[in-house]
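Given next are the chains, with one letter for each unit.
There are 2 protein chains.
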Amino acid sequence: MKIESVDFFYLSMPEVLDIGDGSQDALLVRIRAGGHEGWGECEASPLTSIASYVCPTSHSACKPLKSSVEGRPVNDIKDIRKISQLVHEQSLDLLQADHTLSGIDIALYDLLGRLKNVPVFDLLGYKKVYPKIPYASQLFADTPEETFEKAKRTRADGFRAVKFGWGPFGKNISNDVDHLNAAREGAGPEMLLMIDAGTVWGDDVQEAASRLKALEEVNAYWLEEPFFNLSLQAYQSLSNVSQKVPLAGGEGCSNEAQARAMIDHGGIGFIQIDAGRVGGITAAHRLVKYASEKNVQYVNHTFTSNLALSASLQPYAGVDNFKISEYPVELKQLAKDIGNEKIERDAEGYIHVPQGAGLGVSVNIENLRKYIVDVEIKVQGKVIYQTPAN
Amino acid sequence: MKIESVDFFYLSMPEVLDIGDGSQDALLVRIRAGGHEGWGECEASPLTSIASYVCPTSHSACKPLKSSVEGRPVNDIKDIRKISQLVHEQSLDLLQADHTLSGIDIALYDLLGRLKNVPVFDLLGYKKVYPKIPYASQLFADTPEETFEKAKRTRADGFRAVKFGWGPFGKNISNDVDHLNAAREGAGPEMLLMIDAGTVWGDDVQEAASRLKALEEVNAYWLEEPFFNLSLQAYQSLSNVSQKVPLAGGEGCSNEAQARAMIDHGGIGFIQIDAGRVGGITAAHRLVKYASEKNVQYVNHTFTSNLALSASLQPYAGVDNFKISEYPVELKQLAKDIGNEKIERDAEGYIHVPQGAGLGVSVNIENLRKYIVDVEIKVQGKVIYQTPAN
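Heads up: the sequence lines are chains Z and D, in that order.
Terminal number for the first sequence in the numbering used here: 1387, no gaps in between.
Terminal number for the second sequence in the numbering used here: 1387, no gaps in between.
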């Protein structure tokens, strides 16, 4: 079975707001073979990723991704791994490559699962899968009062865990303390409470360390992304002085080597992997094994659609020890509309990886037509990309 | 003084060959302010970098680079650092951002130097600059006989150092040994001989280690990029067993944090920084200081024009201890034509950072018109980028 077509669809809300909400646009990848189609989603900057797929070759290690994908066989997961390896060799110097590869790799797994009529986790060798505790992932509100209300609503909604991040957090310590206390108060004493600093302190260990006491007092389950991705020294230094609050990070990793570096040298307790950035399910699944060996907890990073959530759950669905899952609760309508099937909590508040073939979440592009952003790229007068008609 | 315009020019040879020669195309950036213009060059995949400059915003941490650059003040190097920081915050989730920023940052330094009529190294605080030993950087030939001839010619040409890389190297040990011996034989016993494996062994330490004896026997000055960038464990493991041949790497680093990780955890003797990839002169100059503190030798990575070579030399021009410089000798005509001024060896075989204002290498885009690749990008029917008319 050979890949017959690869199509990219750039979708966006009519208005993109200046907030840390990654669900406002999306880049979907559709790959067809043998009468089936698989779908994947790339995180971030759709136009740039499209350009990386179709760009002219710069040299032997800087080719467009299409040269490693189109027409290749896809009969088992070895074929998908081969495509991943080929992209890394042939697009070595194309920085955007891993984000684009991520959506392609996810779509290939979805396609292969549908061709074989099994879920992706089955392709990965998992015979049994385990429920995850979803944390309601959301942005800090503008005021502590509103953060309190958000936390209270999340608790009333039956969540076992909640995360607040970005927004005003990190810029003023007294305001941060107010938001932290408000979050804990609203969430009540039982819920897991995660805090996401959204890289706000760059690599300033002191700024981060000055928040540890307040984080301990609200019994924070983790402190996420205090620093820019791969600021290993800063992560390690903060980890050394943080007695009770483990660090989480890694969503910015765009390949396995970067995530291994964070695990080995960042002193983190939780490695957060976005399958839509790290190179897809191939890379994410390898990192699940690596995190297990290193006694670091693996958690998905997902702030977009249920298609992306399924892709992020599959790599660690069969590992009972890794219990936590990011679950976005403030998705824009676009991200809600992407998957036909929904991943909802059960009566006990857990989520389950879909049991359907492939990712178990299908896409009907006709239903998404109103979100499509029409793109045309011409090089030397020749159209090298245009939004597919259907 | 405010930035008045930022223009990108995609240049290419009429035919791009499937070889590891990065001088076959180029992306130039021109920034104008106060009656002057500065030029920079981004490494690799021009179309993708252009897209990252003009793409629509995805969210608050995934904006096009133009939103952090256009209209900003540029009165001293603090302003340039501020732009760099802003790009990192506002384009955090845009993977291609650092390659694009690199050309912008270089152009801003060139512009500021011309506005103040001083060389870039002066802006960086260097009162004195030192000559560098250029190594003639070239690809392995297809056969050992041809590699021998290339080495011999390089010696006859008066170079003190030579590097061979890529091509057939790394795929077959006996063929590798033949190429290594041929290179040393052609170069003679005195010349420094560097070997570049071009990431051919992925992260396979055994494959790399099996070449150490042959590398020692030809007295290799370093072994470069045995593995993919940031494969820290592989680098460290190989470094532990390599008694006489230090490792070199880092050209793939696209920000400071990655390069610091390589220095701290890769066991390398030489950190190779491409100012056109790592975030420009701002990031490169910080890494010069960091490498000094860590007793790792800093070397430029440059495989393109003299404009890029000057940008790569400026950050460490004032450090006498860092003596080696990559000097490409197989440039395609395009790369030769980019700079009006040339960086040539002196009678003793050394090169010197240009003394002219800014980078000391100017660009006349009219002379390069035949290389221009015409690009047009339309989003929702609106042209968001087209190649500047002049």
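No lab work stands behind these hints, which were simulated from the structure alone.
Note that the structure is predicted; figures quoted are calculated from it, not measured.
The reader is advised that the hints may include incorrect statements.
Okay, derived cross-link-like pairs now, DSS-like style, lysine-lysine, Cα gap no bigger than 30 Å in a straight line [unchecked claim]:
1. D:Lys1367 x D:Lys1079
2. D:Lys1320 x Z:Lys1168
3. Z:Lys1075 x Z:Lys1113
4. Z:Lys1379 x D:Lys1367
5. Z:Lys1286 x D:Lys1168
6. D:Lys1379 x Z:Lys1063
7. Z:Lys1375 x D:Lys1286
8. Z:Lys1333 x D:Lys1113
9. Z:Lys1375 x D:Lys1375
10. D:Lys1063 x Z:Lys1375
11. D:Lys1286 x D:Lys1113
12. Z:Lys1367 x D:Lys1375
13. Z:Lys1291 x D:Lys1291
14. Z:Lys1079 x Z:Lys1063
15. Z:Lys1168 x Z:Lys999
16. Z:Lys1168 x D:Lys1367
17. D:Lys1291 x D:Lys1320
18. D:Lys1333 x Z:Lys1075
19. Z:Lys1079 x D:Lys1079
20. Z:Lys1063 x D:Lys1125
21. D:Lys1320 x Z:Lys1063
22. Z:Lys1379 x D:Lys1333
Only part of the chain Z face toward chain D is listed, based on derived beta-carbon distances under 7 Å [unchecked claim]:
23. Cys1052
24. Leu1120
25. Leu1227
26. Leu1229
27. Ala1258
C-beta atoms are modelled at their ideal positions from N, C-alpha and C, and glycine is treated no differently.
Here is how each hint holds up against the structure:
1. D:Lys1367 x D:Lys1079: violated (36 Å)
2. D:Lys1320 x Z:Lys1168: It is violated: about 43 Å lies between the C-alpha atoms, which goes past 30 Å.
3. Z:Lys1075 x Z:Lys1113: Within the cut-off at roughly 14 Å; holds.
4. Z:Lys1379 x D:Lys1367: holds (18 Å)
5. Z:Lys1286 x D:Lys1168: Holds, at roughly 29 Å.
6. D:Lys1379 x Z:Lys1063: holds (26 Å)
7. Z:Lys1375 x D:Lys1286: violated (43 Å)
8. Z:Lys1333 x D:Lys1113: violated (54 Å)
9. Z:Lys1375 x D:Lys1375: Status holds; Cα separation ~9 Å.
10. D:Lys1063 x Z:Lys1375: holds (21 Å)
11. D:Lys1286 x D:Lys1113: With Cα atoms ~24 Å apart, Lys1286 of chain D and Lys1113 of chain D stay inside 30 Å; holds.
12. Z:Lys1367 x D:Lys1375: holds (18 Å)
13. Z:Lys1291 x D:Lys1291: holds (27 Å)
14. Z:Lys1079 x Z:Lys1063: Within the cut-off at roughly 14 Å; holds.
15. Z:Lys1168 x Z:Lys999: violated (52 Å)
16. Z:Lys1168 x D:Lys1367: Since the Cα atoms of Lys1168 of chain Z and Lys1367 of chain D sit roughly 51 Å apart, the hinted pair is violated (cutoff 30 Å).
17. D:Lys1291 x D:Lys1320: This hinted pair holds, its Cα atoms lying about 16 Å apart.
18. D:Lys1333 x Z:Lys1075: This hinted pair is violated, its Cα atoms lying about 43 Å apart.
19. Z:Lys1079 x D:Lys1079: With Cα atoms ~42 Å apart, Lys1079 of chain Z and Lys1079 of chain D exceed 30 Å; violated.
20. Z:Lys1063 x D:Lys1125: violated (48 Å)
21. D:Lys1320 x Z:Lys1063: Given pair Lys1320 of chain D, Lys1063 of chain Z is violated - Cα atoms ~41 Å apart, limit 30 Å.
22. Z:Lys1379 x D:Lys1333: Given pair Lys1379 of chain Z, Lys1333 of chain D holds - Cα atoms ~28 Å apart, limit 30 Å.
23. Cys1052: holds (4 Å)
24. Leu1120: violated (23 Å)
25. Leu1227: holds (4 Å)
26. Leu1229: Hint holds; Leu1229 of chain Z Cβ to chain D Cβ min 5 Å, cut 7 Å.
27. Ala1258: Constraint on Ala1258 of chain Z satisfied, holds at 5 Å.
The structure fails to meet hints 1, 2, 7, 8, 15, 16, 18, 19, 20, 21, 24 from the earlier list, while all remaining hints are met.
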